[in-house]
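K.L.:
Next come the chains, spelled out residue by residue.
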Amino acid sequence: MVSGAALSVDFLLAAGGATLLLIGAVAALLSGNAIKRVGGLLICGLGSVAALAAMGVGNAALVTVIALLFVYAVLGTALVVRLQESYGAIETPEIDGADANSDGREPTS
Amino acid sequence: MTPEIAMFCVLGAPVVQALLVMLIPKPPGLRDLIHIGFSLFAASCAVYLVSAVAHGQTGYIVLARPLPNVDLAFEIDPLGAMMTAVLTGLGVLHAVHAAGVARAKQEREPSRMLAFIALAMAGVTAVAFSANLFSLFVAYQALALAAFPLVAHRGDSEARPAARAFLATLLASSVGCFLPAIIWTYAISGTLDFQVGGVLAGRVDALTANVLLVFYVMGIAMAAIPPMHRWLPASSTGPFPALVTIQALAVLPAGGIGVLKVVTFVFGVGMAEAAIAAQALIVLVGVGMIVAALIALSKQDIRERLAYSCMAQSLAVVMGALLSLQPGHFGPAGLFAAALQIIALSCSAATLLMGAGTTAAITGRTKVADYAGLGRVMPWTFAGFAIASASMIGMPPFAGAWAKLWLITAAAGSGLVWAAGLAAGAAILTFAHLGPLAASALAARAPTDAFKRPDGASILLAAPVILAAAATLSLLVSVNSLAEFLAPIWTARAAP
Amino acid sequence: MTPAYLDLARAHAPLLMIVAPLLGAALTLVTGAARVSWVVACVAAGIGAYAAIDFASVVLGGAGQAIAGVGVALFVDGVGSFAAALLASVAAVTILAVGASLKDSGAAVAPLALALVLCIASGWIGALVARDLIAIVAAVETAWLASVGLVMLNAQRGRGALNGALRMLSYGGVGAAFMLLGAGMIARATGSFAIDALPLAHIQAHNLAAAGAALIVLGLAVKGAVAPMHAWAAAAVGRLPTTYVLGIGVLSVLGALSALVRFSAYAIAAPEIGAAISATLAVLGAASVIVGSVQAVGARNLLRLTAYAGASQAGCVLLSIALGSPAGFAAALMQLVAFSAAAMALYGGAAAGRVQSLEMLDGYGQRAPLASAAITLGALSLMGAPLTIGFLGRWRLVEAGVGAGWWWAAALVVVASLAGVFYGGRLIERMYFRRANAAYAGERGVWRIALAPALIVAIATVTIGVAPGFLLRAAAAASLKLTGLAS
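As they're listed, the protein sequences go chains H, Y and D.
Position 91 of the first sequence, counted from 1, bears residue number 91 in the working numbering, the numbering being contiguous throughout.
Position 426 of the second sequence, counted from 1, bears residue number 426 in the working numbering, the numbering being contiguous throughout.
Position 349 of the third sequence, counted from 1, bears residue number 349 in the working numbering, the numbering being contiguous throughout.
One should not assume that every hint holds.
The calculated label-pair distances, taken between Cβ atoms and stated as ranges, are [said to hold, decoys possible]:
1. H:A67 - D:S325: 37 to 43 angstroms
2. D:V294 - Y:P447: 54 to 60 angstroms
3. Y:L294 - D:Q366: 42 to 48 angstroms
4. H:E85 - D:A205: 45 to 51 angstroms
5. D:V294 - H:E94: 38 to 44 angstroms
Hints listed in this document are in silico derivations from the structure and should not be mistaken for laboratory results.
The beta carbon of each residue, even a glycine, is placed where N, CA and C say it ideally should be.
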């Protein structure tokens, strides 16, 4: 039997945040598209913000996390743009394939 | 001169020699002079050490303290001093011969080859002098690394895989078996120092002792125990001077010395706890001797035949060492047999390989079938070859005979008559693969086809062979004094 | 006058080792010219390294000066001071070596790249002396984002680096989220974010605290390229044949592993969660040794091979700290030194000749003898060849492991060394016993004075291996002051 105290809003929020974090993590690590990966990362970060907020950590910690999230978003976006410019693709299998091809090529002397 | 200085000289001279030979590759005369001169110096220091040990002096040097309780230390004991004297003494002859081969065959990068030969000699000396298991391990690894360029010397598609197999077998077995055994010993006894009577004596149960023995014997792959012997046939792709170093003077004897030191100073003579593993290993080694001698019979290339022949001889060393672990009073006899066998192996294998090297340099022949009648053209070389063959087979009065005699005595005395039988069988098979070869070389009609170098062998190529062959006779006069000299290693020190 | 300032600086050394590289980073950005900014960066890194080493010698030298709490934000302990000195030295050597590759990615970005390397150093050192878990995470992320930026900058030369940067971003981001969640859970369970409160607090919710600590360990393990979470490392360093690779492959990984060692020291000391953390570390360590070794044996790219070998070495570090004893932590610190020396020698030697694939090593011994010597010594140390520092680190682990009855850990060390024989032997064979492939025969090694650090570090692997007394004493002193100097 689950007591009412255990099933408080905070607990549910924290559990929801952790779930969001995991979903985001799966997307960030396994998605085949660079934009989706960055998106997954942001979902993952938001999940951690939610979980931390639910656990009642101080404002300083939340501000730190949100700042970090912002930097990740900026860097991720820049990276996606550079990938599109360099490879003409943002699908990771295509990018990996292009790299594998250039690995096999002998350099010209 | 103190024993310590002499030890520094024996260990350091080859290293300086290697550096100088690399730095002064030309003129060849100067390079060879340096090579021979330093070898001679190391050998004289080694002889001094033997006399110092005979007079009861001791020497102990610490080069580094890489671990809190463990030193990189070297010590002279009768076994180490004797082995070093024999090997460096033969090393002088080999230095002369290597200089001759390098000239006659126009070997590529001779200075690199000579330098690594010198480094390998330093390695085997360090193995013989090692004062604890850690130093033995370091010296063993250094020797493997120094010998690796000798196998890979030709750098062609045949030498490269051979060198890879050589290094992989030696290093993998030492890291995979020897090192765990060292760690285990350290965990049991809290020390790695060699002790007369055995570090493990009275400290281990039977199971641990048996497992440890297997780990040690398999880990010291330089002794060519099957299935860790692959490096030995692989090494036969090297040039002849490299082969002499690997199979007669450095790597193979280092394996024998290593096993002997471990058995004597880690387990202790007559350690009955390890008797089961010792017997099982004696079976393996005995069968290995027979099979190696049979394979040698099937090989038509002289280098391959001699490699397997040397393997059979080296396994006899291991058998002697293992016999010393059998209960009874014949433990010392086993150790003595092993020590004699190392000396016999070094003298005869060096002679045979140098003889084959001379033959290849002069006639360009390396096939067994092409040896017929060569003795009539190159009488000195093949006289030496025949004497060394007789010693390998175990015919009296040559060195191999005394070793075999003691081996069979130890086996029979320990109640392992079948082991004596295996050793005798191997000797017969050795006769089969070396006897007819030597006989046909001396007795058949001289070949009439052209030689590579019709002017014959220079003194540099012929003299070392016959002198090394003469050395196989040395045991005839010195067996007794040798037994007295070595006695301290199997007689535990008097209790204080 | 001057001694007074020096005393002030010494009194605030922990702050100085963070601030000096940061100030240096700002200055390099201002200077603009590549060479000038390099000199500025060298000075800044040098000051940081001097401060860190001086501080470590004071703390670990036996004086036992109680400077555990430095202000409100910093908290110095044995592991932190030892690892900060190591990290600052590695950073200084990295900056020196980077001088050889200044023009590789275009002179214009060189100041930015140098600033990023300094930020990496500053961030990781911050993580080693910070008190608050959130501050630690913030410091870690500063360093990590700077690493990602450094990899992205190198895409000027080859686009492959972008792919590595993407992996770093996604893996690192997930790791960061784990660490944040873990920090929150620990704070919830112990009532404080302070790292030194962990062993002292009476933890009510064991499981919550243990899960939180495990999440932080996982997050740091991702950044320390511990297998099987090291996919980013191979991708990021595999196409970075410049000396910048030292900033990622050595500095960043070393920082993460050091932070992991430091955090674990506190977590294992907490009686309620110690066993769980120890088990987590042991499992991760064993997996990393096995996966890293197997991948290194199969690798066909020298840089990736080094990354995999590093994962195997990182596994040994984790196994050491999983033991939880002072001997284990001392072994871990020795292994950190061994890892950085070997990895710097290998990466540095590879960067000297822009070597990527193993085929490019053929005949390298002739073309670039000094770089080959560095690679050889690094490979020997990775093999755990005796008389190298690699052997020392592993021996200490085996000693500690056998002492605690962890025979399987000793067996894993043997497995790591055995794998080292195969991949290290292959490198040596290629360099010295093969003729150069026609395509690379003309390419000679780079002969610039700034490449000397790799060689010096390589020689240090042997000298320290032969005479390790001072290092062993320092590591032992650090392991006795695991959770703060006051204790």
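K.L.:
Now tell me, hint by hint, if it's right for this structure.
P.N.:
Right, here's what the structure says about each hint:
| no. | hint | verdict |
| --- | --- | --- |
| 1 | H:A67 - D:S325: 37 to 43 angstroms | holds, 39 angstroms |
| 2 | D:V294 - Y:P447: 54 to 60 angstroms | holds, 55 angstroms |
| 3 | Y:L294 - D:Q366: 42 to 48 angstroms | holds, 43 angstroms |
| 4 | H:E85 - D:A205: 45 to 51 angstroms | holds, 49 angstroms |
| 5 | D:V294 - H:E94: 38 to 44 angstroms | violated, 28 angstroms |
Hint compliance for this structure: hint 5 is the single one not met.
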